[in-house]
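S.K.: Spelled out, the chains give:
2 protein chains.
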Amino acid sequence: MAEPVTVDDPADPRLADYTSLTDVELRRRREPAEGLFIAEGEKVIRRALAAGYRMRSLLLSEKWTEALGDVIAATDAPVHLVEPAVAEQVTGYHVHRGALASMERRPLPAPAELLAGARRVAVMEAVNDHTNIGAIFRSAAALGMDAVLLSPDCADPLYRRSVKVSMGAVFSVPYARLERWPHDLDGVVRAAGFHVLALTPAEDAVDLTALTPPDRLALLLGAEGPGLTQRAQRAADTRVRIPMSHDVDSLNVGAAAAVAFYAVSHPVSGRAPIPE
Amino acid sequence: MAEPVTVDDPADPRLADYTSLTDVELRRRREPAEGLFIAEGEKVIRRALAAGYRMRSLLLSEKWTEALGDVIAATDAPVHLVEPAVAEQVTGYHVHRGALASMERRPLPAPAELLAGARRVAVMEAVNDHTNIGAIFRSAAALGMDAVLLSPDCADPLYRRSVKVSMGAVFSVPYARLERWPHDLDGVVRAAGFHVLALTPAEDAVDLTALTPPDRLALLLGAEGPGLTQRAQRAADTRVRIPMSHDVDSLNVGAAAAVAFYAVSHPVSGRAPIPE
Numbered sequence: 001m002a003e004p005v006t007v008d009d010p011a012d013p014r015l016a017d018y019t020s021l022t023d024v025e026l027r028r029r030r031e032p033a034e035g036l037f038i039a040e041g042e043k044v045i046r047r048a049l050a051a052g053y054r055m056r057s058l059l060l061s062e063k064w065t066e067a068l069g070d071v072i073a074a075t076d077a078p079v080h081l082v083e084p085a086v087a088e089q090v091t092g093y094h095v096h097r098g099a100l101a102s103m104e105r106r107p108l109p110a111p112a113e114l115l116a117g118a119r120r121v122a123v124m125e126a127v128n129d130h131t132n133i134g135a136i137f138r139s140a141a142a143l144g145m146d147a148v149l150l151s152p153d154c155a156d157p158l159y160r161r162s163v164k165v166s167m168g169a170v171f172s173v174p175y176a177r178l179e180r181w182p183h184d185l186d187g188v189v190r191a192a193g194f195h196v197l198a199l200t201p202a203e204d205a206v207d208l209t210a211l212t213p214p215d216r217l218a219l220l221l222g223a224e225g226p227g228l229t230q231r232a233q234r235a236a237d238t239r240v241r242i243p244m245s246h247d248v249d250s251l252n253v254g255a256a257a258a259v260a261f262y263a264v265s266h267p268v269s270g271r272a273p274i275p276e
Numbered sequence: 001m002a003e004p005v006t007v008d009d010p011a012d013p014r015l016a017d018y019t020s021l022t023d024v025e026l027r028r029r030r031e032p033a034e035g036l037f038i039a040e041g042e043k044v045i046r047r048a049l050a051a052g053y054r055m056r057s058l059l060l061s062e063k064w065t066e067a068l069g070d071v072i073a074a075t076d077a078p079v080h081l082v083e084p085a086v087a088e089q090v091t092g093y094h095v096h097r098g099a100l101a102s103m104e105r106r107p108l109p110a111p112a113e114l115l116a117g118a119r120r121v122a123v124m125e126a127v128n129d130h131t132n133i134g135a136i137f138r139s140a141a142a143l144g145m146d147a148v149l150l151s152p153d154c155a156d157p158l159y160r161r162s163v164k165v166s167m168g169a170v171f172s173v174p175y176a177r178l179e180r181w182p183h184d185l186d187g188v189v190r191a192a193g194f195h196v197l198a199l200t201p202a203e204d205a206v207d208l209t210a211l212t213p214p215d216r217l218a219l220l221l222g223a224e225g226p227g228l229t230q231r232a233q234r235a236a237d238t239r240v241r242i243p244m245s246h247d248v249d250s251l252n253v254g255a256a257a258a259v260a261f262y263a264v265s266h267p268v269s270g271r272a273p274i275p276e
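Those protein sequence lines, which keep their order, are chains S and V.
Oh and the first sequence: position 180 is 180 in my numbering, straight run, nothing missing.
Oh and the second sequence: position 2 is 2 in my numbering, straight run, nothing missing.
Same shape as in the complex, but just chain S:
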């Protein structure tokens, strides 16, 4: 157990992991380089620990020592007690959730290793919005996806905002990054026995409700706005669409992902096989 230590000086080097949390550009560079990420709030901290991430340190205000008593008792990491005003000076914002943990990143698994034990995989292309990444992980976890693969230009699922929006789902769904895009869709994903579906609103795509989901499937999702690139669509086995009414031409990416995750696990009655 670590004895909580009060820290009064916002410039104290022991608080270095938590500085300038609102500077997105800075933190995006620093966190992967230093091998850390920030978990915010009791629930998310507990979920990170339960997923086996090692805690580097805790930063919290006095009143959170009781709620997190068991976490403090079980850790060897330093526990820094700070006044809310000090926390705000260090981080750059008012820490509503009262507790932050600096957690140690783990090496990501190789995509092939991840695929070996999976049947339903979500693959994101160029999703570089932290809120969307987090929302998609939350839905992927809830709706039965076994793993997530990211194109090289996707945002970091362990960035604070992604973690928070995912409600910790980034810890429970394993993920990996593909290195060569979109070539690895063939060389890695299809090579592992996966049928690759590309989600698009295009009229000429196969209606998801008319699909018999293949045994092992990878579902490609593009970013809000541009959607999947033509290259990624061409690298897929089948382009699929969610049927839409009221002349609506698209859903937001979070809603589309959620519906598609549900649909591939819950085929509609009267379904037809995938066209060859």
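Hints are computed from structural coordinates only; laboratory data are not their basis.
Predicted model, so just to flag it, every value in this text is computed and none were measured.
Errors might be hidden in some of the hints.
Claimed, not checked - So the derived label-pair ranges between C-beta atoms look like this:
no.: 1; chain 1: S; residue 1: GLY35; chain 2: V; residue 2: ARG190; range: 56 to 62 Å
no.: 2; chain 1: S; residue 1: GLN230; chain 2: V; residue 2: SER20; range: 39 to 45 Å
no.: 3; chain 1: S; residue 1: ARG30; chain 2: V; residue 2: ARG190; range: 43 to 49 Å
no.: 4; chain 1: V; residue 1: ASP186; chain 2: S; residue 2: ARG54; range: 53 to 59 Å
no.: 5; chain 1: V; residue 1: VAL206; chain 2: S; residue 2: ASP153; range: 39 to 45 Å
no.: 6; chain 1: V; residue 1: THR212; chain 2: S; residue 2: PRO201; range: 27 to 33 Å
What the hints assert, rightly or not - Partner residues are not named here, just some residues of chain S that face chain V (Cβ under 8 Å, in silico):
no.: 7; residue: ALA135
no.: 8; residue: SER245
no.: 9; residue: LEU251
Backbone N, C-alpha and C fix where the C-beta goes; we use that ideal spot for every residue, glycine too.
The hints should help you fit chain V onto chain S, whose structure is shown.
M.R.: Chain V only, in chain S's frame:
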């Protein structure tokens, strides 16, 4: 056709509809009281007009007169040309989309009138976040819901942010407000022949995938966080849940709504009837 008129003075009373658009509290009071709402950007303005809303006036920068030439030619409403800096002084923000329209509200239909022609209805309870309202309307429109009913404390679907997030879907799905909550679920909705489903993550609710959707159904959705009140759940015929994996306990309200809209229109093979 209205001849566009350049307005240089941000205090010009002809621009009064557009003042202080970033002051949410002020606009929430003013817009319903004055019978107007603001449509932002070419696409949303065109959708509002296509849905039959009358335009009170247009405010745009010079370079948008060409793209909106046909709209300007077809309207009798005054067209105000302003420099971007003037637009910013009036509205309080930089108007990226270059064009704003002040549109006239219409009286909402009575709920009973709306229900007469509908089979699938979304009912929101206390959804008071404009982004969530907009996102749910967009999904409702895309995924086959015929109408939306709002509890008295839901936010305004015609507030600028809701309209924008919905991509104009608030114009294409008819909606109405229930007056007595939750009593009208019985007196109005069930009285019109609708089976009322309440969406909840509770373990003891009926799995949506095991449901044979009734002919006419109303799907109740609660706000992010608290979810549906106990009162609303008791007023429903059947409590239903989306099955979840990875120990996830909930979805965000936008994702949950989208999945539920899809699920009630696309029953899963091997489904069972609703328990009585």
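S.K.: Give a verdict on every hint.
M.R.: Right, here's what the structure says about each hint:
The hint said 56 to 62 Å for the Cβ distance between GLY35 of chain S and ARG190 of chain V, and at roughly 57 Å that hint holds. Between GLN230 of chain S and SER20 of chain V the beta carbons are some 44 Å apart, a value that agrees with the proposed interval 39 to 45 Å. Distance hint check: the CB atoms of ARG30 of chain S and ARG190 of chain V are about 57 Å apart, inconsistent with the given range 43 to 49 Å. Taken as a hint, the range 53 to 59 Å holds for the pair ASP186 of chain V and ARG54 of chain S, whose Cβ atoms sit roughly 54 Å apart.
For the hinted restraint 39 to 45 Å between VAL206 of chain V and ASP153 of chain S, the CB-CB distance of approximately 42 Å keeps it satisfied. Judged by the Cβ atoms, the range 27 to 33 Å given for THR212 of chain V and PRO201 of chain S holds: they are separated by roughly 29 Å. With a cut of 8 Å, the hint placing ALA135 of chain S at the interface with chain V holds, because the nearest CB-to-CB distance is about 6 Å. Checking SER245 of chain S against chain V by beta carbon gives a least distance of about 5 Å; that is within 8 Å, so the hint holds.
The interface hint given for LEU251 of chain S holds, since its Cβ lies 5 Å from the closest Cβ of chain V, which is under the 8 Å cut-off.
The structure fails to meet hint 3 from the earlier list, while all remaining hints are met.
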